[in-house]
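Please build the complex by placing chains B, C and D on the supplied structure of chain A, with the hints as guidance.
4 protein chains.
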Amino acid sequence: MMKKVLIAGAAGAMGQKAVALVNSLTDVELTAVLAPHATADQRAQLQLGPQVKLYQDRAQIDPKVADIWLDFTVPAAVYENVRFALDHGMAPVVGTTGLTDEQEAQLVAESKEKHLGGVIAPNFGMSAVLLMKFAREAAKYFPDVEIIEMHHADKKDAPSGTALSTAKLIDQVRPKHESSPDEVTTLDHVRGGDYHGIKVHSVRLPGYVAHEQVLFGGTGEALTLRQDSFDRQSFMSGVKVALEKVLDLDELVIGLENIL
Amino acid sequence: MMKKVLIAGAAGAMGQKAVALVNSLTDVELTAVLAPHATADQRAQLQLGPQVKLYQDRAQIDPKVADIWLDFTVPAAVYENVRFALDHGMAPVVGTTGLTDEQEAQLVAESKEKHLGGVIAPNFGMSAVLLMKFAREAAKYFPDVEIIEMHHADKKDAPSGTALSTAKLIDQVRPKHESSPDEVTTLDHVRGGDYHGIKVHSVRLPGYVAHEQVLFGGTGEALTLRQDSFDRQSFMSGVKVALEKVLDLDELVIGLENIL
Amino acid sequence: MMKKVLIAGAAGAMGQKAVALVNSLTDVELTAVLAPHATADQRAQLQLGPQVKLYQDRAQIDPKVADIWLDFTVPAAVYENVRFALDHGMAPVVGTTGLTDEQEAQLVAESKEKHLGGVIAPNFGMSAVLLMKFAREAAKYFPDVEIIEMHHADKKDAPSGTALSTAKLIDQVRPKHESSPDEVTTLDHVRGGDYHGIKVHSVRLPGYVAHEQVLFGGTGEALTLRQDSFDRQSFMSGVKVALEKVLDLDELVIGLENIL
Amino acid sequence: MMKKVLIAGAAGAMGQKAVALVNSLTDVELTAVLAPHATADQRAQLQLGPQVKLYQDRAQIDPKVADIWLDFTVPAAVYENVRFALDHGMAPVVGTTGLTDEQEAQLVAESKEKHLGGVIAPNFGMSAVLLMKFAREAAKYFPDVEIIEMHHADKKDAPSGTALSTAKLIDQVRPKHESSPDEVTTLDHVRGGDYHGIKVHSVRLPGYVAHEQVLFGGTGEALTLRQDSFDRQSFMSGVKVALEKVLDLDELVIGLENIL
Numbered sequence: 001m002m003k004k005v006l007i008a009g010a011a012g013a014m015g016q017k018a019v020a021l022v023n024s025l026t027d028v029e030l031t032a033v034l035a036p037h038a039t040a041d042q043r044a045q046l047q048l049g050p051q052v053k054l055y056q057d058r059a060q061i062d063p064k065v066a067d068i069w070l071d072f073t074v075p076a077a078v079y080e081n082v083r084f085a086l087d088h089g090m091a092p093v094v095g096t097t098g099l100t101d102e103q104e105a106q107l108v109a110e111s112k113e114k115h116l117g118g119v120i121a122p123n124f125g126m127s128a129v130l131l132m133k134f135a136r137e138a139a140k141y142f143p144d145v146e147i148i149e150m151h152h153a154d155k156k157d158a159p160s161g162t163a164l165s166t167a168k169l170i171d172q173v174r175p176k177h178e179s180s181p182d183e184v185t186t187l188d189h190v191r192g193g194d195y196h197g198i199k200v201h202s203v204r205l206p207g208y209v210a211h212e213q214v215l216f217g218g219t220g221e222a223l224t225l226r227q228d229s230f231d232r233q234s235f236m237s238g239v240k241v242a243l244e245k246v247l248d249l250d251e252l253v254i255g256l257e258n259i260l
Numbered sequence: 001m002m003k004k005v006l007i008a009g010a011a012g013a014m015g016q017k018a019v020a021l022v023n024s025l026t027d028v029e030l031t032a033v034l035a036p037h038a039t040a041d042q043r044a045q046l047q048l049g050p051q052v053k054l055y056q057d058r059a060q061i062d063p064k065v066a067d068i069w070l071d072f073t074v075p076a077a078v079y080e081n082v083r084f085a086l087d088h089g090m091a092p093v094v095g096t097t098g099l100t101d102e103q104e105a106q107l108v109a110e111s112k113e114k115h116l117g118g119v120i121a122p123n124f125g126m127s128a129v130l131l132m133k134f135a136r137e138a139a140k141y142f143p144d145v146e147i148i149e150m151h152h153a154d155k156k157d158a159p160s161g162t163a164l165s166t167a168k169l170i171d172q173v174r175p176k177h178e179s180s181p182d183e184v185t186t187l188d189h190v191r192g193g194d195y196h197g198i199k200v201h202s203v204r205l206p207g208y209v210a211h212e213q214v215l216f217g218g219t220g221e222a223l224t225l226r227q228d229s230f231d232r233q234s235f236m237s238g239v240k241v242a243l244e245k246v247l248d249l250d251e252l253v254i255g256l257e258n259i260l
Numbered sequence: 001m002m003k004k005v006l007i008a009g010a011a012g013a014m015g016q017k018a019v020a021l022v023n024s025l026t027d028v029e030l031t032a033v034l035a036p037h038a039t040a041d042q043r044a045q046l047q048l049g050p051q052v053k054l055y056q057d058r059a060q061i062d063p064k065v066a067d068i069w070l071d072f073t074v075p076a077a078v079y080e081n082v083r084f085a086l087d088h089g090m091a092p093v094v095g096t097t098g099l100t101d102e103q104e105a106q107l108v109a110e111s112k113e114k115h116l117g118g119v120i121a122p123n124f125g126m127s128a129v130l131l132m133k134f135a136r137e138a139a140k141y142f143p144d145v146e147i148i149e150m151h152h153a154d155k156k157d158a159p160s161g162t163a164l165s166t167a168k169l170i171d172q173v174r175p176k177h178e179s180s181p182d183e184v185t186t187l188d189h190v191r192g193g194d195y196h197g198i199k200v201h202s203v204r205l206p207g208y209v210a211h212e213q214v215l216f217g218g219t220g221e222a223l224t225l226r227q228d229s230f231d232r233q234s235f236m237s238g239v240k241v242a243l244e245k246v247l248d249l250d251e252l253v254i255g256l257e258n259i260l
Numbered sequence: 001m002m003k004k005v006l007i008a009g010a011a012g013a014m015g016q017k018a019v020a021l022v023n024s025l026t027d028v029e030l031t032a033v034l035a036p037h038a039t040a041d042q043r044a045q046l047q048l049g050p051q052v053k054l055y056q057d058r059a060q061i062d063p064k065v066a067d068i069w070l071d072f073t074v075p076a077a078v079y080e081n082v083r084f085a086l087d088h089g090m091a092p093v094v095g096t097t098g099l100t101d102e103q104e105a106q107l108v109a110e111s112k113e114k115h116l117g118g119v120i121a122p123n124f125g126m127s128a129v130l131l132m133k134f135a136r137e138a139a140k141y142f143p144d145v146e147i148i149e150m151h152h153a154d155k156k157d158a159p160s161g162t163a164l165s166t167a168k169l170i171d172q173v174r175p176k177h178e179s180s181p182d183e184v185t186t187l188d189h190v191r192g193g194d195y196h197g198i199k200v201h202s203v204r205l206p207g208y209v210a211h212e213q214v215l216f217g218g219t220g221e222a223l224t225l226r227q228d229s230f231d232r233q234s235f236m237s238g239v240k241v242a243l244e245k246v247l248d249l250d251e252l253v254i255g256l257e258n259i260l
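Chains as they are written, first to last, in full-length UniProt numbering: chain A, 1 to 260; chain B, 1 to 260; chain C, 1 to 260; chain D, 1 to 260.
Same shape as in the complex, but just chain A:
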């Protein structure tokens, strides 16, 4: 049976990639989009087939129109969107950022009550998702670990969200670990940031795009995980995986790596 998908934010940059993705899949069907500023004469430009319903207002959406609510909207809209999806029996797949920890907790609680699956992922790029998954697994065997992330010079914040998420995942599982208290630095801060004893280093250089390395060391050996994102197009590989799996879940899951 074909899974029916509604895309919220279908006119945005990521939304348009999502439309193209769903149009290209054989077991998923685009049945509706929510695009507040789109008009009927933009249908072709937005790659919407004649059978796709175009909504400008969330309130008008017929809940039967889709099984999955795929959200690439904006921080201001995402919480209400996901609540709407859960309230109306649609499984949310959310690539929009901006949910607070409290909002996420509320949405997860509601999804459990309704036994409704869903996925919220800050990063749908499969290379980043697998890197985080593998890092968490390797840290059980290699508690000594540091993270280096490298981004283009225009990125103004550091560390990257993915690097911080990776540090948090590792922190949850790695055995108790003593860092070196008697280290001496002759250049301040050269040992980088410190997240619960996990050192994090941020590199910013022109030419680079978005890259992350996790370095593990043990007696006589080392393990390195690296991912490179060259293009936001890479997000769609993870969206595809989420669309395949979301209807088999019975609660909202945070992090694509948790359903692989």
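To be clear, the hints were calculated from the coordinates, so they are not data collected in a lab. Every residue gets a Cβ at the ideal spot worked out from N, C-alpha and C, and that includes glycine. Some clues are possibly wrong.
Result set (BS3-like, lysine-lysine): computed pairs, CA atoms no more than 27 Å apart in a straight line [as the list claims (entries may be wrong)]:
| id | chain 1 | residue 1 | chain 2 | residue 2 |
| --- | --- | --- | --- | --- |
| 1 | A | K140 | B | K17 |
| 2 | C | K140 | D | K17 |
| 3 | B | K140 | A | K168 |
| 4 | A | K3 | B | K140 |
| 5 | A | K176 | B | K240 |
| 6 | C | K140 | D | K168 |
Have a look at the derived ranges for each label pair, beta carbon to beta carbon [as the list claims (entries may be wrong)]:
| id | chain 1 | residue 1 | chain 2 | residue 2 | range |
| --- | --- | --- | --- | --- | --- |
| 7 | B | K176 | C | A13 | 32 to 42 Å |
| 8 | B | D231 | C | L260 | 38 to 48 Å |
| 9 | D | Q103 | A | D231 | 18 to 28 Å |
| 10 | B | V173 | D | D101 | 51 to 61 Å |
| 11 | B | D231 | C | H152 | 30 to 40 Å |
| 12 | A | E102 | B | G98 | 37 to 47 Å |
| 13 | C | K140 | D | A109 | 23 to 33 Å |
| 14 | C | L260 | A | N258 | 48 to 58 Å |
Here is chains B, C and D on its own, set in the frame of chain A:
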């Protein structure tokens, strides 16, 4: 309860590292060694406590002496050793190479009959083991993959056993995959070896020790797994994991990555 | 004194980048372009100021119009273009490919006669140019070397031109070197291509763009040079260097690395 | 003509490697050693041929005994040793650390007066030496640069001497450079150490030995230099180069990279 361990090949280079490892663990106890050429006056030199039984001949071994048979012997001895262990209710953990595919199949069959656990691992280095495990998992999402292994210039054979094992693991899981039939090479063999469509490249240079990279590429992104072995001491991290888990298994497992 | 530049092929993709580059520099002035298919009403679109002469036909060019002939045209035109430049006292800077070894030799000979400088570079990306320069220098101290180049899956030929150029440069300088004649491969071709004993490995994966590594090994140490090209825009950094230096040369030089 | 070499500190770990090196070369001859605690019956053990003079006291040394003074002694002795060499017409090649900037300046001044060559190198590993040389050269074209050095977990100080030397060399040549003043960090110190705007990151992990990377970024491209030292044996490649070149110099040079 303390697990009792017999080490076969305790006087060899790897066996000696194994003795040191078991001596350092708190939930495992070294109760016996098999060391055909060792004499009683070498006990101290071999790091054997007074309570450890020293056997020079397999036939003399009392099967009750140990729960686990840890084997670092030689290709000519390993098959009969593992059969002996299984026949006498000891769970084999085998780091010795040289078993044929047929011998492995027979031993697995026997272990199943007796519901006896065991592990045979060509490589106990956790960085290599995790690399293989992760590579197999990533290949489900990234069917485009190539392997580069790099070793010291004195290694005369190529590719390395680990690289070939990695290719086999990937081949078992990756989606059907078309390679580029219309590729043109202006320098023969520049595209490397080909294992069922997976390209394998072997580098041999002085200074290098033993390293392997698995490179995955997808639309707009890349994932790279890398492991470096600088020292055979690294094997012991995997032996420790095997000793922890082997008594919970109920059959002989090939590849440490399959019990993580 | 301002250097005057004519750009041949100013309407092409690389030519347009070159126009933007020259317009942005303070010691170089764009005085003319050769663009056979461009018309006067395209001047603004081609970023040509009112003082820039627009030629559609090489024969009409006034030799006094420029000191430097910057060529981003097509293989069929480049030889005659460079001869024209040399014949008329303009120093050629050539990014167009397609010259044969014989043609290059003739042009160099003519430039020497006329004491006229010039640069022909197959690759103007400074990361690639420096990689080649450094590789040639390192090979004097590290004769053991292998090359790995990695490109997107759509590249149909292997190895890349830069990799082959690097191998040639290394071959010219490295001390006599014995490769391992008694190597055994259990997977055919796994040791890669062989250029005079220098192994070359080509990787082709989606997601990758254009990357090259040169690996040197010596007793107890290794040196690795790597360059990544993410965008053809990178070529312009080398064009800038060539424009700065070409008028100080007194012959045509092949390879930007030879004038750094 | 054979160059005659005296090795000071010939009984130490590095000194012994130096003795083996000189014994293996065809154009250099070991004529004397200074080894305060060595006795005549240790000659064989120290690999000293019958013709090699063994001095226990610097004052006894006959200045005619050697052309080159190769010093692998201790910080407390090195300054007086190099002065002695210069005073007596021997060209010093110094691998001992511990000279202050003032002492180095004095020794250089004296060498210039006497037109006597010499080399003082904190690091004789050719991979590190070439890395520093190439980094300085690349920085002219790529002013955006960061350094990552990685060492074993037992190294208590950070950054490494080589990383700091690299930063200093780059700082001397790179064009004026503005760093990002409006950067926001959500994890303190994550951007690493800062040497005149050059970011330096130190990684400390078990398994690692001694490694350094210099990362350059430019529009659409990146250049990475990496060196790995696995073994102190690697120092001897640079000592060989210094022995070859030192008699052609007419002053004391700091840094092997300055005579390549």
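A quick look at each hint next to the structure:
1. A:K140 / B:K17: Holds, at roughly 22 Å.
2. C:K140 / D:K17: Status holds; Cα separation ~22 Å.
3. B:K140 / A:K168: holds, 26 Å
4. A:K3 / B:K140: Holds, because 22 Å separates the two Cα atoms, which is no more than 27 Å.
5. A:K176 / B:K240: It holds: about 18 Å lies between the C-alpha atoms, which stays within 27 Å.
6. C:K140 / D:K168: holds, 26 Å
7. B:K176 / C:A13: 32 to 42 Å: holds, 37 Å
8. B:D231 / C:L260: 38 to 48 Å: The hinted range 38 to 48 Å holds for D231 (chain B) and L260 (chain C), with Cβ atoms some 40 Å apart.
9. D:Q103 / A:D231: 18 to 28 Å: violated, 55 Å
10. B:V173 / D:D101: 51 to 61 Å: The hint (51 to 61 Å, Cβ to Cβ) holds, given that V173 (chain B) and D101 (chain D) are roughly 60 Å apart.
11. B:D231 / C:H152: 30 to 40 Å: holds, 37 Å
12. A:E102 / B:G98: 37 to 47 Å: violated, 59 Å
13. C:K140 / D:A109: 23 to 33 Å: holds, 32 Å
14. C:L260 / A:N258: 48 to 58 Å: With a Cβ separation near 51 Å, L260 (chain C) and N258 (chain A) satisfy 48 to 58 Å, so the hint holds.
The structure is inconsistent with the numbered hints 9 and 12, although it conforms to all the rest.
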